[in-house]
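Asks: Work from the hints to combine the two standalone chains into their complex.
So the sequence lines, in the order shown, correspond to chains A and B. With this note's numbering, you'll find the first sequence wraps up at 433, consecutive numbering, no jumps. With this note's numbering, you'll find the second sequence wraps up at 1266, consecutive numbering, no jumps.
You may find that some hints are simply not true.
Straight-line C-alpha distance at most 20 angstroms; calculated EDC-like pairs for lysine to aspartate or glutamate [to be verified]:
1. Lys382/A with Glu326/A
2. Lys1240/B with Asp171/A
3. Lys1213/B with Asp142/A
4. Lys1213/B with Glu137/A
Partial chain A-side listing against chain B, Cβ under 8 angstroms, derived [what the hints assert, rightly or not]:
5. Glu137
6. Arg139
7. Asp171
8. Met173
9. Ile174
10. Ala240
11. Asn242
12. Trp243
Keep in mind the hints are simulated off the structure, nothing from the lab. Glycine is no exception: its CB is placed at the ideal position from the N, C-alpha and C atoms.
This is what each chain is made of:
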Amino acid sequence: MTDLTTNTSAHATEGEARFGDYIQLLKPRVMSLVVFTALVGLLVAPVRVDPMIGFTAILFIALGAGASGALNMWYDADIDRVMRRTARRPVPAGKVAPGEALSLGLWLSAISVAMLGLATNWMAAGLLAFTIFFYAVVYTIWLKRATPQNIVIGGAAGAFPPMVGWVAATGSVSLEAVLMFGLIFMWTPPHFWALALFMKADYHEAKVPMLTVTHGRPETRRQILIYTVLLAPVALGLALTSIAGPVYLAAAIVLNAIFLKGAWDIWRRDEAVAEADGYAVEKRVFRFSLYYLFLHFGALLADAGLRVWGIV
Amino acid sequence: MPITQTHELHKRRFGRNLGVALSLVGFAAIVFGLTVAKIRQGSLMEGFDHQPRVSVTPPVERDQ
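The shape of chain B in the complex, shown without the other chains (with noise of 0.2 angstroms):
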């Protein structure tokens, strides 16, 4: 049987929900448009893993 009465209730639960969802939503978007800036002030892009790499050491003086 489907449903077809809604009660107060569940306008509250929906509302709730809603609000939930779009606060995720912003959430997703702030954290995107927050790396975005970091990468275009020159942020790194890599993290130390564990294994030393070229491109995340810092630059070797060459004359000695």
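So here's chain A without its partners, still in its complex pose (with noise of 0.2 angstroms):
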């Protein structure tokens, strides 16, 4: 038996994929905003949690949310394929083959809501695995490709992770998880239909039918600002829950009257004068939409520790 590397020279392909492929199929960009809403739905709940369950809680969260990534990413090789934002993904680069990122998303969804099951109890469990089947059917095989609402509806699957935390900490679902869930839900149109706005070329040539295609973009615009709206009494409404405090309502007063400013503005302006100035106020604020949940949530974490040092 002498050779071992005679296969070396063999079949260097593409299907040969790194570790961290396989990570970029868990989306870990959107994994960390996983992880932040859970958590701090995990840590504004009137439970303490032992930090070892709350940690394993908050990891196999993150896990399922990693794991629905890479179904979607199986699932949506071919549209992924047309878009620049996306063609360098693992599948559609060649990188990983698409039966891979099928089992690894199978697997890792079984795993990541039989560990949360038993790190913390079966409700956050069948909620976490609710969220992966929303994800991943719902949205990514169902309504992705069938009606421009389906960033309002798919936007659902990013919102439950806060209430997955909740859920985790307490046992069961309440209004205050409920208008957690509502916050990112709501907030979830205004933020894509922003993007798409400066997007445009990708989603058209992809023929994902987003409100920008279908219903045209002065449209989209009113849209935007009609999300805007409904969202600020959500938000606001969160002010009133035990959960919050004097940080959160400030926080929610000025960061919902710079975004209603923002999503007033985007309805004031037409395609000619956005173009003019290479979609600015577009993209301004797009980036601010980021801030708001971060900021959110962050004020939510900031009364937390009020609370728990007897500030307040």
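Replies: Shown next as structure tokens:
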């Protein structure tokens, strides 16, 4: 038995993925948002959670989100190939075979749900399983290619993590959890449509029925304003619950005022003006929308800290 | 004949194997840590094994 090296020249195919390619399948940037919002949901709950159990819960909520990302990349490889923003993802780039992405997604889904159930409770695990199902099946397979409301309903998948974190701590759903869900749910459409306004060519070429393609840009601008107006009472309503305090109230007032002003500015513009300045306002509102969500949840965390230290 | 040349493919495979190994070690560590945390909380250390045992049956009221 002389030679194992005979294999070295053979088939250095694109299918031989690096470990990092599998990490990319889990959409680490989306996972970071999931980790943060789920952590806030878990920490603001009025129940003390053992740090190890809390850490495990957040880890497997994040892994569940990653699993749904892998399932999304498996199914969407054909449209990812067309869009500039997504063409370098592992499956369309040929680094990971579609079957590998599918089996990674399914296995990680099963592991994350089982481990969350064992670590915390089966209600949280069931909610995580539903979240994965919602993102992978309802959004990715069903709605994304079928309706321009894809973002609205699909946004629910991204809105579940703080609720899962809350249920992991308390074992039940309550008004606070529903409002945290509502905050992300209502925030998603204006956030994504602002992006769609200045990334127009991509969605059009991929034939994804984004609102900008099906109903036109003026309508998209109007919808951004409508959803931002509907978002404000949800954000301010959360300020009236037991988990919010002065920091959240102040943050919600200021952030919603700025977001409303941005949505108003987008609505008042037309395409000629937007193209003339390179979609400056749309890009500014999109960037701000990221801070908007981060700061709302950060404020909830700050108020929880103030309560723990007995300041409020 | 020993393997003297490593192909770029080998590096990729090594990285992948290392990643899987570290993930498995991490998973084992998490399960261990979780077990310790659960036991500290007072969770049952014995499961039901088709044979009633005093240690896993609920306490019975004595005064009747």
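Asks: For each hint, tell me whether it holds in the structure or not.
Replies: Against the structure, the hints come out as follows:
| no. | hint | in the structure |
| --- | --- | --- |
| 1 | Lys382/A with Glu326/A | 31 angstroms, violated |
| 2 | Lys1240/B with Asp171/A | 9 angstroms, holds |
| 3 | Lys1213/B with Asp142/A | 14 angstroms, holds |
| 4 | Lys1213/B with Glu137/A | 11 angstroms, holds |
| 5 | Glu137 | 5 angstroms, holds |
| 6 | Arg139 | 5 angstroms, holds |
| 7 | Asp171 | 5 angstroms, holds |
| 8 | Met173 | 4 angstroms, holds |
| 9 | Ile174 | 5 angstroms, holds |
| 10 | Ala240 | 6 angstroms, holds |
| 11 | Asn242 | 12 angstroms, violated |
| 12 | Trp243 | 15 angstroms, violated |
Hints 1, 11 and 12, counting from the list given before, are not met by this structure.
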